[in-house]
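For the record, the sequence lines run as chains S and R. Just so you know, the first sequence maps onto residues 240 to 618 in my numbering. Just so you know, the second sequence maps onto residues 33 to 282 in my numbering.
To be clear, the hints were calculated from the coordinates, so they are not data collected in a lab. No experiment lies behind these values; they were computed from the predicted model shown. Among the hints, erroneous ones may be present.
Said to hold, decoys possible - Think about it this way: if two alpha-carbon atoms lie no more than 20 Å apart in a straight line, the pair counts; the simulated EDC-like pairs of lysine to aspartate or glutamate are:
{"hint": "1", "chain 1": "S", "residue 1": "K328", "chain 2": "S", "residue 2": "E512"}
{"hint": "2", "chain 1": "R", "residue 1": "K87", "chain 2": "S", "residue 2": "E512"}
{"hint": "3", "chain 1": "S", "residue 1": "K583", "chain 2": "R", "residue 2": "E125"}
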Amino acid sequence: MPSNAPNSSGLQRLIAQLAPLLIVCALMFALPVLLNNDFLLNKVARYLVLGILTISLGLSWGFGGILNLGQAMSFGLGSYAMAMALKLKTVPVHTGASGLPDFMVWNNVQHLPWFWEPFRSLSFAIAAGLLVPALVAAGLGWFMFRGRVTGVYVSIITLATMVVINLVIIDQQSYTGGFNGITDLAQLELFGIAFDAYGRATYYLVAGCVLLSLLVAFAFTKSRAGLIVQAIRDHESRVRYFGYDVALYQIFVFALSAAIAGLAGMLYTVVMEFASPTFLGVQLSLSVVVWCAVGGRQSLVGAFLGAVLVAGMQGALSESAAFLETWTLVMGALFVLVVLFLPKGLAGLAQSTWRWVAQRRQAAGSAVARGVSQTEGST
Amino acid sequence: MSSHLDLRDVSVSFNGFKALNSLNMSVRKGELRCLIGPNGAGKTTALDIICGKVKPSAGTVSFDGTALQDLEEYEIARAGVGRKFQVPSVFRELSVSDNLEVARARRTSVLGNLHWNIGNAGRDDIERLAELVGLTEQLDRPAAYLSHGQTQWLEIGMLVAQDAELILMDEPTAGMTAQETRKTAELFVRLKGKHTLIVVEHDMGFVKAIGDIISVMHMGQMLAEGTAAEVEAHPEVRRAYLGSGGISHA
Numbered sequence: 240m241p242s243n244a245p246n247s248s249g250l251q252r253l254i255a256q257l258a259p260l261l262i263v264c265a266l267m268f269a270l271p272v273l274l275n276n277d278f279l280l281n282k283v284a285r286y287l288v289l290g291i292l293t294i295s296l297g298l299s300w301g302f303g304g305i306l307n308l309g310q311a312m313s314f315g316l317g318s319y320a321m322a323m324a325l326k327l328k329t330v331p332v333h334t335g336a337s338g339l340p341d342f343m344v345w346n347n348v349q350h351l352p353w354f355w356e357p358f359r360s361l362s363f364a365i366a367a368g369l370l371v372p373a374l375v376a377a378g379l380g381w382f383m384f385r386g387r388v389t390g391v392y393v394s395i396i397t398l399a400t401m402v403v404i405n406l407v408i409i410d411q412q413s414y415t416g417g418f419n420g421i422t423d424l425a426q427l428e429l430f431g432i433a434f435d436a437y438g439r440a441t442y443y444l445v446a447g448c449v450l451l452s453l454l455v456a457f458a459f460t461k462s463r464a465g466l467i468v469q470a471i472r473d474h475e476s477r478v479r480y481f482g483y484d485v486a487l488y489q490i491f492v493f494a495l496s497a498a499i500a501g502l503a504g505m506l507y508t509v510v511m512e513f514a515s516p517t518f519l520g521v522q523l524s525l526s527v528v529v530w531c532a533v534g535g536r537q538s539l540v541g542a543f544l545g546a547v548l549v550a551g552m553q554g555a556l557s558e559s560a561a562f563l564e565t566w567t568l569v570m571g572a573l574f575v576l577v578v579l580f581l582p583k584g585l586a587g588l589a590q591s592t593w594r595w596v597a598q599r600r601q602a603a604g605s606a607v608a609r610g611v612s613q614t615e616g617s618t
Numbered sequence: 033m034s035s036h037l038d039l040r041d042v043s044v045s046f047n048g049f050k051a052l053n054s055l056n057m058s059v060r061k062g063e064l065r066c067l068i069g070p071n072g073a074g075k076t077t078a079l080d081i082i083c084g085k086v087k088p089s090a091g092t093v094s095f096d097g098t099a100l101q102d103l104e105e106y107e108i109a110r111a112g113v114g115r116k117f118q119v120p121s122v123f124r125e126l127s128v129s130d131n132l133e134v135a136r137a138r139r140t141s142v143l144g145n146l147h148w149n150i151g152n153a154g155r156d157d158i159e160r161l162a163e164l165v166g167l168t169e170q171l172d173r174p175a176a177y178l179s180h181g182q183t184q185w186l187e188i189g190m191l192v193a194q195d196a197e198l199i200l201m202d203e204p205t206a207g208m209t210a211q212e213t214r215k216t217a218e219l220f221v222r223l224k225g226k227h228t229l230i231v232v233e234h235d236m237g238f239v240k241a242i243g244d245i246i247s248v249m250h251m252g253q254m255l256a257e258g259t260a261a262e263v264e265a266h267p268e269v270r271r272a273y274l275g276s277g278g279i280s281h282a
């Protein structure tokens, strides 16, 4: 690999790796200037949030080798944390004197349950939206990774856990709104700014969180701990015999990934103006895997773009009359094609194209030089 | 003659098959011990017991007074035991320099490793290691692109990077050319003294080139111990190897 000059410092390489991330984020922040349509902007914000969710999966799957099929569980928990806080902000305006959210009144609940109480504080809700998913993941990870569960069994356990939590939420209608979820929410207000789902403030809030998530995930993957996590992905037991407690590293990356998914969930509630059991449903959870694979699971920016592009396409297809019935088929075909021909996703394709162009340019340059030295005209 | 590593009456059975049957072995600090024996004698299992990959059903393993048999693998590694596997085990998707970086396990906690390595601290160390194992040209390439011999060297380099007091090598020269084998022998001789080494090998030329004391195992037990000349003259060793043309062809 002559592309790496021996004196290229680590810092230079780091800047080169950050460049695609910063370019994508610059485009994202510039979009509202070009797109003067609040409805479309809200849609894009939705895809960006799904992008954050996919970044979180890329972190655990692409870098940690942990294929979490229940990634939407963390997403859903974050989403409900935000919805509970925003729901309580509507009381008693929407529900009268009893001081209860409307669905509790319909379900004959007399008092606000104890676990709803702290959600009167928005800061508690935000902390819970990050920490509850992280702690649940850490607990689950403790059992799985201490017990040296790996590969497909991790996927089965995470998927099953998500389904269980989903069923509990649907079942406990009087405390969770059940199948309908939590609707009719107040607007999020932070630092005196009201975040209307269709406003620019919300778009910029989401974009800021995308940048934050990308940077946090990037910083982790470039840290020494991130390197060890990747080593564990390649050869778990080899890492163990160097004295690293492999389970702790797996638990850490699993919990970090869950916290980022929780952040995405909170934002989703703000953008969608409700929380629903479908947010921690199997369909969404598996879609995230497809987005991540299409974008490139070993690239954070790739995973993010995969989600935005494919989810955007999904949205467009499912709305057009021609594909109303068949868009899932199109998605399935896309996934199969990517798995067969682009194991590293779009990010891998971009990388190899970039390398090819660089080589072509180099070859052309040396050909020209040769032509000049021979004083022959070259075409 | 204080013993550094001590295996006492260690037994292991796999589904009724006794891989180790009351094995006793002690190794002094700084020694380079070769472990030989016919196939199925339990050499690899003996290394597995020391590094914690396999737990003994009976017996004790003590290393500088620490009882290893009750510890987890990573705890044994932290106590100063490094292991090279028979099948070369490296991180295939990581670059050679990242492989060596992971092996330089100075700090092992998650939170202690949440920092960046921008200043290239330790880069000199890694370049020196790469030179030692002849992989300077390959530093930035993924380990997946290395040849078999180079992969063996990389793992040996990783063990040097780990800087363990006791290094266990399972057939380190398998798949190497004669020249590579000679280089490996030179490296091992250089490592001994500073580190204690236990090397499982089949190549008698290699064993004679590096070994002080040779331990011969047979059917999960220690059959004989001594210099190359002593074990070759040992009547029971000759009997154990009967039919394979003597120990030189083992």
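Straight-line alpha-carbon gap K87/R to E512/S, limit 20 Å: violated (56 Å)
20 Å Cα cutoff - pair K583/S, E125/R: At roughly 13 Å apart (the allowed maximum being 20 Å), E125/R and K583/S satisfy the hint.
20 Å limit on alpha-carbon distance, applied to hinted pair K328/S and E512/S: Answer holds: K328/S to E512/S is near 13 Å, not above 20 Å.
In this structure, only the earlier hint numbered 2 is contradicted, and the remaining ones agree with it.
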